[in-house]
Amino acid sequence: MDAAALLTSARAGLGRLARSALGPRAGRPRASARVGLTLVGLLVAFAVLGPVVAPNDPYTSDFARGVTPEHLPVGPSREFWLGTDRLFRDVFARLATGARLSLSIGVTATALATAVGSVVGVLAGWYEGRWLDTLLMRVVDVGLAFPFLLIVMALGAALDRTTATTIFLTLGLTGWLGVARIVRSKTLQVRSLDYVVAARALGQSTPRVLVRHVLPNVAGPVVVIATILVAQMILAESVLSYLGAGIAPPTPTWGHMLFEGQDYLGAAPWITAAPGVAILLSVLGFNLLGEGLRDALDPRKS
Amino acid sequence: MRRVLERLAWAVFVVWATVSTAFLVNHALPSDPARMIAGQQAPPAAVAKIRKDLGLDRPLHVQYVLFLRRLVHLGPSAPSPNDREHADCAAAGPVHLDLGRSYQQRRPVVTILGERAPRTLLLALSAAIVQAAIGVTAGVIAAARRQRTSDRLAVGLSLLGVSAPTFLIGLLLQWVFAFKLRLFPIDGYGDTPAEHAASLVLPAVTLGVFGAAYYTRIVRDEMIGELSHDYVRTARAKGVGPAGVIVRHALRNALMPIVTIFGLEVGTLVGGAIITESVFRWPGIGSLSVDAMLDRDGPLIMGCVVVTSSVVVLSTLAVDLAYAVLDPRVRRA
Amino acid sequence: MRSIRGRAEPPRTTRARAATLLALLATAPACSSELPAPIPSAGPEGAAPRRGGVLELATFGDVRASLDPANITDGLAPQIAEQLFAGLVDYDRHGRIQPDIAERWVVDDDGTTYRFFLRPGVRFHDGDEVTAEDVKRSIERALHGSAPNPAATSFSMIAGFDALQEKKADALSGVEVEGRYVVSFHLAKRDATFLPILATLPLRPVCKSGGARYSDAWHPCGAGPFKLAPDGWQRGHRLTLVRHDGYFRPGLPRLDAVRWTFHENPTSQTFKFLRGDLDVLRDFVTPELLRFQADPRWKPFADFESGSQILGEAMNVETPPFDNVEIRRAVAAAIDRDALRRVRASNLSVTNQLVPPGVFGHDADLPGQRFDLEAALEHMRRAGYPYDPATKTGGWPHVIPYLVYKQGLQEFMGQVLAQQLEKIGLRVEIRIVNYPTFLALRGRRKTSPFGPGFWMQDYPDALSFLEPMFHSKAISDDGTNNWSFYRNPRFDELVDRAHEELDDARRMKLYTEAQQILVDDAPWAFTENVRLYTQRQGYVREHFTHPMWMHDVTRTWIDRATGPIAARAIFSEGGLAALLGARPHGPRGASLRDRGAGDGR
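Protein chains in written order, with our numbering: chain H, 1 to 302; chain Y, 1 to 333; chain L, 1 to 601.
In isolation and in its complexed conformation, chain H is listed as follows (with noise of 0.2 Å):
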C-alpha cells in the first residue's frame, strides 16, 4: 500500500511535502504530536510575549553599548539577551518581532494557498478529463515548470515594495499548484465512493454534493497538508530573504537574520545561530504537529 500511495502522491506532484503527508508513517505518533504542539504552543507564546519583553528595541542601533572596541556586535549579555547583530541592534528583540512575522506569513500564505488548492483540485477532479480540468491542470504544470526565482523577481518589481502583504502574496500563490494535484487526486477517489454516486443519481445538485459530499472528505487530508504547508511557508519565506527577495529592512524577518549574519558567521555566530535555531525548532513543530493530525484524521485507523 505505501508504495502505491507514495507514487500516487509523487505523481500529485507536491513532491516531498506531499510524500510526507500522505506517505508512510514514523515514530510514535501521539508523542510526536504532543512534542509538535509543544514547539508551536512555544512558538505562538514566543511571538505573542517576546517583543513586550525584550527590553531593547529591535530597529534601534546601539552605538554605545551594543558594540565592542574593535567594532564588533557584542555577544550575549543581560542588556543583550542574545547579543547585538551588524548593525549593534538587538537579536532577541528583532527575533521576537521576526517571530510574529514568520507565524503570521506562515498562516496567512497556507490559508490563501489551501483555500486556491482545494477549490481548484475539487473542481478538476470533479470534472476529470474535461476541459476544465485540461486548463487547470495545464496551468498547474506550466506553474510548476516555471522557475520559481523568476516569479520572485517578476512580483518583487511588479509590487514596488516588497512587504508581508506582497511575500503573503507572492508564497500563496505560488504553493497552491502542489496542494491543487494532491486535491484532484483525492477527489477522483472521493468522486467514485458509493455514497456519492448515490447522491449524484438522486439528482443532487453538483454545488451541494461538492460542499456536502466532497469537501468534507477532502478536507482531512487538506487539514494535514496546511500544517505542514505553514511549515514550509516559514521555510520559503526564509529562503526568499535569502535569496534577496524578501520584506525590506530593517523589518526583522528569520530568513533576513540569517543573511545578515553570514558574513559574521566567525566573529558573532550568535547573529546567525539565534534565527537558524528558531526556524529549526518551528518547521519541526509544524512537521510534527501535521504527523499527529494526519494519524489521528487516518480514516484506516479508527
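It is worth saying that the hints were derived from the structure and are not from the lab.
Among the clues, some could well be false.
[Said to hold, decoys possible] Below, a list of computed lysine-lysine pairs in the DSSO-like style, where the Cα atoms sit at most 27 Å apart: (1) L:LYS189 with L:LYS509; (2) Y:LYS52 with L:LYS167; (3) L:LYS473 with L:LYS446; (4) Y:LYS52 with L:LYS168; (5) L:LYS473 with L:LYS189; (6) L:LYS473 with L:LYS168; (7) L:LYS168 with L:LYS189; (8) Y:LYS52 with L:LYS473; (9) Y:LYS52 with L:LYS446; (10) L:LYS272 with L:LYS299; (11) L:LYS136 with L:LYS167; (12) L:LYS406 with L:LYS423.
[Unchecked claim] To spell it out: a stretch of chain Y is covered by chain H in this simulated footprint if at least three of its residues, at any positions, have a beta carbon under 8 Å from a beta carbon of chain H; those stretches are: (13) 17–25; (14) 152–163; (15) 168–178; (16) 305–317.
Beta carbons are placed, not taken as given, at the ideal position from N, Cα and C, and that holds for glycine.
Once you've looked at the hints, dock chains Y and L against the given chain H.
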C-alpha cells in the same frame, strides 16, 4: 503508444508555455541589459549603442519571433566554425538548437550550458547516492531495531533533517567542515579532479540530507511492512539469522519502490540545486541562472529556463510513465 | 607530523574523541581571535632585488568578457589588461601621468594638438616593434563603430570621432602618423580630460594579430610587462601572465609570472594567505579585516589606498520632498557620518565633499557638509515642516521610499540612515530590488526620489565626478548617471570652464567653487569614502597599491625563505588531527565564513 505521444506533446507544450512566459516576464522587468554590459558608470550614449548592437531596441514581438525561429531550426549537420549563421548552434544531425549568445560572456549559450549542465548533473547524482545510502542504512537499522534507541534516533534525526532549510544545513556543514576543521574547501569547484571531488562532498551532502531524512522513513516503513510478512517468519523459523532475514529477504523486496524514488529524485534534485549551488558557489546551472538573472543576461536566462523546465517536465513525464507501468489500475484506465 | 604524539599516551575511546571534537568546536571561536605570525622572509629589508618567482593573487570576481582593451567591461579586467598592454602614457602609483611608450610629448595649437614621440625599440609580445602606425591602427580598431567598446564615447574629443563611430569613415582623421615614431592627435577643442583618459586602457596599442577591426576571438597581445601564454587563461578558474622578456624597461619585470585565481571566496583567500599560498590579500570579510588591521605584526605589510570612491545619499531634486533645497540641507546635516562609518569601520572614512582625497580636486580646507542636528532641525523649520523631537510630531507628512539593492553595503548603511533621519521628521522606508532594477530605476526621471549614491573615479580628476554626476547635460529621461537630476547653470559653467582649463592651479580653483555649490545645494549628502585595504606577505617586496590598476607589480620581487615553512601549521592536517583525537599543532587560524562580500559588485 498513443498515450506516450500525447504525453510528449503535452511536455513540449508545457516547455513552450513556460519559456514564452519567461520571455515576457524577463522583458517586463524594469532593467536594462545594455546598462549591465556597459557598467554602472558608462555614459547613456554608450548604453544606447550596445542596446542597438544587441537588437534590444526592436519591438518585443519581433524579438520573440526571432528567438523562437532560432531556437530550433534545420541546418547543416556539421556547421563549420566560420559559418556565421550557425555559429551559436548545437547541432544534432540537421536539427539545430540555438539559444543565441550571452550578452556578458560573448559566447554561445549552448556552449556555456554544455559546460555547466554536467556539473549540476554530477551534483544531483552524488546527492541522490548520498541520500539513498544514508536513507537505506538508517531505515534498515531503524526497522530492525524497532522502538529502540537507534530507531528513535533515526526517526528523530530524519524529522530534523526534513525541517532544516537547505541553506541552513549548507551553512552548518560549511562552518564545521570547512571553517573549523578545514577538511573540505569552503566553496567553488577546484581545478584538478581531486579538487573537484573534495569540493563536491559538502554540496552533495547538503543536497542529500533532506532526501536522506525522507528516505529513512520510507525504507523504515517498507521494511517494517516486509518484516511482518509470512515469508519472513518462515525464513526465521528455518533458522536464517536476523541479518540474513533483513538483508536477503526483506530488503530485497522493499527495494523496488526505493529504486523507483531514486530515479525520480534526480529530477527533483536538478531543479532544487539552486540554493545549494549558490551557497557553495558550485558552477552549475543553478548558480548560472542566478547570475544570469542578476546580470539581466537575456539569452542566458532563456537558456536556463529551457533546460530547467525541460528537466522538470521530463521528470514528471517519467513519473507518469513509471506510474503507469507499476500500478495496474492506471494501466487499465 | 602524525608521530609527534608520544607512545605513552593511552589510546582514546570514541567517546573521548567525540568529546574532544565537541570541545574544539565549542572553543574554536575563542581561539580564532589571534592571527598566526607572518611568514619570515629570506633577507633583511632593503636587500638587493632578485629575479624570479610567481606572485599569487586571488579574487572573488572573474573576468567574464574579455581582456581586449577595446572591450573592457568587467571590473577586474583593467588590473590584468594593464600588465598586458603598455600605453603612450600611463599612471604612476601616485596617480600622476607619466611617459610610457611615448618618451615625451608636446602640446600645440592652444592645446588642441598633442604630438607624441615614441621610444624606439619597444617590442610587442610577438617581437614586432611598436610604431606610430600600430598606435593609429589600434585606436581606429577600438573606436570604430563595429567594436563593442563601452568606453568609446569618452574619446569623442578627437577630431573625426563621430564619422568613425558611425562607420561613415574608415580612418580617424584626428590621429596622424608623422613618422615611424611620431604620432599626433588633433582635438576638436581644448580638453583637460584628454591626457587622463588617454592614459586609461582602451586605446593602447595591440599586436598586428589584433587586426584593423575588433573581433571576439583574439588572443590578447600587447607591449606590456607581462604576456598571456596561449593556454594561460582557464576561464572561470585562473589566469597566468608570464614575463615579457622583450619589455622595454631594462631588467623589468622581475617576476616570472603573476597568477590570478578567480571565484575565490574571501574566507578561503584568508586561509590560503595565512598558509602562504597567496601573496597579496585584497578581499576580506569585515570582521577578519578588522583583525588584520588591529594586529601590529601584520600592519607593516599593509596599506590603505588613498580613496577614490564616494558614497552618499542621492536626492532627486525633481521629486518631493527633495525639490525643496532646505529639506536636502536638513538631510545633509542630519547624517551622523561617524556612526554611519561604523557599519563598516574597516573600509569607510568620513568625508564632507564630493571629490575623494585620492583624486585631483579634493580640497582638504573645504568646510563641506557636516553633522549638526540643531542645524538640520532649523532647515526643516525653514522648509516649512518643523519637527519637534521631544513630542515626535511634525516633519514631512509622507513616507519617503529609499531604493537600495540587495547584497550591498548600502543595504546596511540605509538602515542606519533611516534611524538618523527619523530624528528630524523624515520617515524613510527601504525598498530592496536587485542590482539591475536598481540601476534602471535610479536613472529614470521622476521615478525614485531617494537612494544611495556611489561613484568611483574613471580617471583621477574631479571632472570624472563633477561631469557625469551633476552636469545638466548628463541628464536624460532614462539611464542617466545624474541620479539627482540636478541642474544649476552656474555649476555647469564652472565645470565647462574646468574642462577646457589645462592649468592645474586655475582648474583647482574652479573645482573648489563647483564643490562649494554642491555642498550648499545638497543634491547629495556626501558621507563616506571607501578605501580598500591591501595586506601583503612580509616577503613580497616592492609591491605597491595602485590607484588605477590595484597592483603595481612591475618592480615586485619575492624574498621568501626557502624550504618548508616550519612555523606554519598546515590547517587541513590540523583538522584531520582533531578528528583523530589529537590536539592541533600550532596556531589555529581564522574561523570566519563569508558569502557575497561583493559590495557594489
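Given pair status - L:LYS423, L:LYS406, alpha carbons within 27 Å: Answer holds: L:LYS406 to L:LYS423 is near 26 Å, not above 27 Å.
Closer than 8 Å, Cβ to Cβ, for at least three residues: run that test on the segment 168–178 of chain Y against chain H and report holds or violated. holds (count 4)
Counting residues of the segment 152–163 of chain Y whose CB is closer than 8 Å to a CB in chain H, do you get three or more? Holds: 8 residues of the segment 152–163 of chain Y have a Cβ under 8 Å from chain H.
Check the hint pairing Y:LYS52 with L:LYS168 against an upper bound of 27 Å on the C-alpha distance. Roughly 17 Å separates the two Cα atoms, so the pair holds.
Are L:LYS473 and L:LYS168 close enough, with their CA atoms no more than 27 Å apart? holds, 26 Å
Given the proposed pairing of L:LYS189 with L:LYS509, does the C-alpha separation stay at or below 27 Å? With Cα atoms ~21 Å apart, L:LYS189 and L:LYS509 stay inside 27 Å; holds.
27 Å Cα cutoff - pair L:LYS168, L:LYS189: holds, 22 Å
Pairwise hint evaluation, L:LYS167 against L:LYS136, where the allowed Cα distance is 27 Å at most: holds, 16 Å
Would you mind confirming whether the straight-line C-alpha gap from L:LYS473 to L:LYS446 stays at or under 27 Å? holds, 17 Å
Outcome, coverage of the segment 305–317 of chain Y by chain H - at least 3 residues whose beta-carbon is closer than 8 Å to one in that chain: holds (count 6)
Holds or violated: Y:LYS52 with L:LYS167, Cα cutoff 27 Å? Holds, at about 14 Å.
Satisfaction of hint between L:LYS189 and L:LYS473, Cα-Cα up to 27 Å: holds, 18 Å
When each numbered hint is compared with the structure, no violation occurs for any of them.
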